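Those sequence lines, one after another, are chains A and B.
Residues 1 to 115 in the numbering used here are what the first sequence lists, from first letter to last.
Residues 1 to 114 in the numbering used here are what the second sequence lists, from first letter to last.
Treat the hints with care, as some may be off.
To be verified - Stretch by stretch, here's where chain B covers chain A in the computed footprint (C-beta under 8 Å, at least three residues): (1) 40–48; (2) 93–101; (3) 104–111.
Stated by the list, open to error - Some chain B residues judged to face chain A by a derived CB distance under 7 Å, without partners named: (4) Q97; (5) S100; (6) Q107; (7) G108.
Hints are computed from structural coordinates only; laboratory data are not their basis.
Quick caveat: nothing in here was measured; it's all calculated off a predicted structure.
Yeah, the Cβ is synthetic: ideal placement off N, Cα and C, and Gly gets one too.
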Amino acid sequence: AQSVTQLDSQVPVFEEAPVELRCNYSSSVSVYLFWYVQYPNQGLQLLLKYLSGSTLVKSINGFEAEFNKSQTSFHLRKPSVHISDTAEYFCAVRYINTGGFKTIFGAGTRLFVKA
Amino acid sequence: KAGVTQTPRYLIKTRGQQVTLSCSPISGHRSVSWYQQTPGQGLQFLFEYFSETQRNKGNFPGRFSGRQFSNSRSEMNVSTLELGDSALYLCASSEGQGLSTEAFFGQGTRLTVV
Chain A
1 AQSVTQLDSQ
11 VPVFEEAPVE
21 LRCNYSSSVS
31 VYLFWYVQYP
41 NQGLQLLLKY
51 LSGSTLVKSI
61 NGFEAEFNKS
71 QTSFHLRKPS
81 VHISDTAEYF
91 CAVRYINTGG
101 FKTIFGAGTR
111 LFVKA
Chain B
1 KAGVTQTPRY
11 LIKTRGQQVT
21 LSCSPISGHR
31 SVSWYQQTPG
41 QGLQFLFEYF
51 SETQRNKGNF
61 PGRFSGRQFS
71 NSRSEMNVST
81 LELGDSALYL
91 CASSEGQGLS
101 TEAFFGQGTR
111 LTVV
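Bound-form chain A, shown alone (with noise of 0.2 Å):
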């Protein structure tokens, strides 16, 4: 079966820090791998994913995260957060099984950013 693994259900930080949210995944078959956010009283929104090729990964606001196959890890990292990063953070796999396309999430990250 496949599971996601968010090892910190909150991370304070004070503005301009750098910071590490982790993510384990377990998998008996190939995945994909996402991080998506969410503000408050919002749906989710995809930060980046991983497909293929490069480890590393960016998105467009400095987050970035790096795909580790022997430690079955998709940390997402920082190296200088604002107080606007405050919001909780999932990460997710992507696979396919019998009954089709399965997306699961872990159970989230609460990023809170203080000045």
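Starting from the known structure of chain A, arrange chain B on it as the hints suggest.
Here is chain B on its own, set in the frame of chain A:
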């Protein structure tokens, strides 16, 4: 293009009642998925529809059902509501089906069961 629209945004129901939630996907998108979001549980997959057919289903009781219409709009129904059904229900649409398919989410319907 308009985004994914979910109605209503907020709903309060009494235990034992039933509820229907609606989702209008982005124009041209044929796949619609539903998720239940609760604090600490993250998003739990309910079901996915593509071209009016349910293609995948999560581990929810039969009280949770859905359907998709020919215009790709989707509805989700929960019968005999329980207090534990209180959650944010999110709908996501995508152009088609595929491993790399990006999902676009609506703002959700917040259901409170009292």
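Against the structure, the hints:
A stretch counts as covered by a chain when three or more of its residues have a beta carbon under 8 Å from one of that chain; for the segment 40–48 of chain A and chain B the count is 6, and the coverage holds. Only when three residues or more bring their CB closer than 8 Å to a CB of chain B does the claim for the segment 93–101 of chain A stand; here the count is 7, and the claim holds. With a threshold of 8 Å between beta carbons, the proposed coverage of the segment 104–111 of chain A by chain B holds, since 5 of its residues qualify and at least three are required. Annotation: interface hint on B/Q97 holds; nearest CB of chain A at approximately 5 Å, less than 7 Å.
Given hint, B/S100 at the interface with chain A, holds; its Cβ is 5 Å from that chain's nearest Cβ, closer than 7 Å. Taking 7 Å as the C-beta contact cut-off toward chain A, the hint placing B/Q107 at the interface holds, the least distance being around 5 Å. With its C-beta approaching chain A no nearer than about 6 Å, B/G108 sits inside the 7 Å limit, and its interface hint holds.
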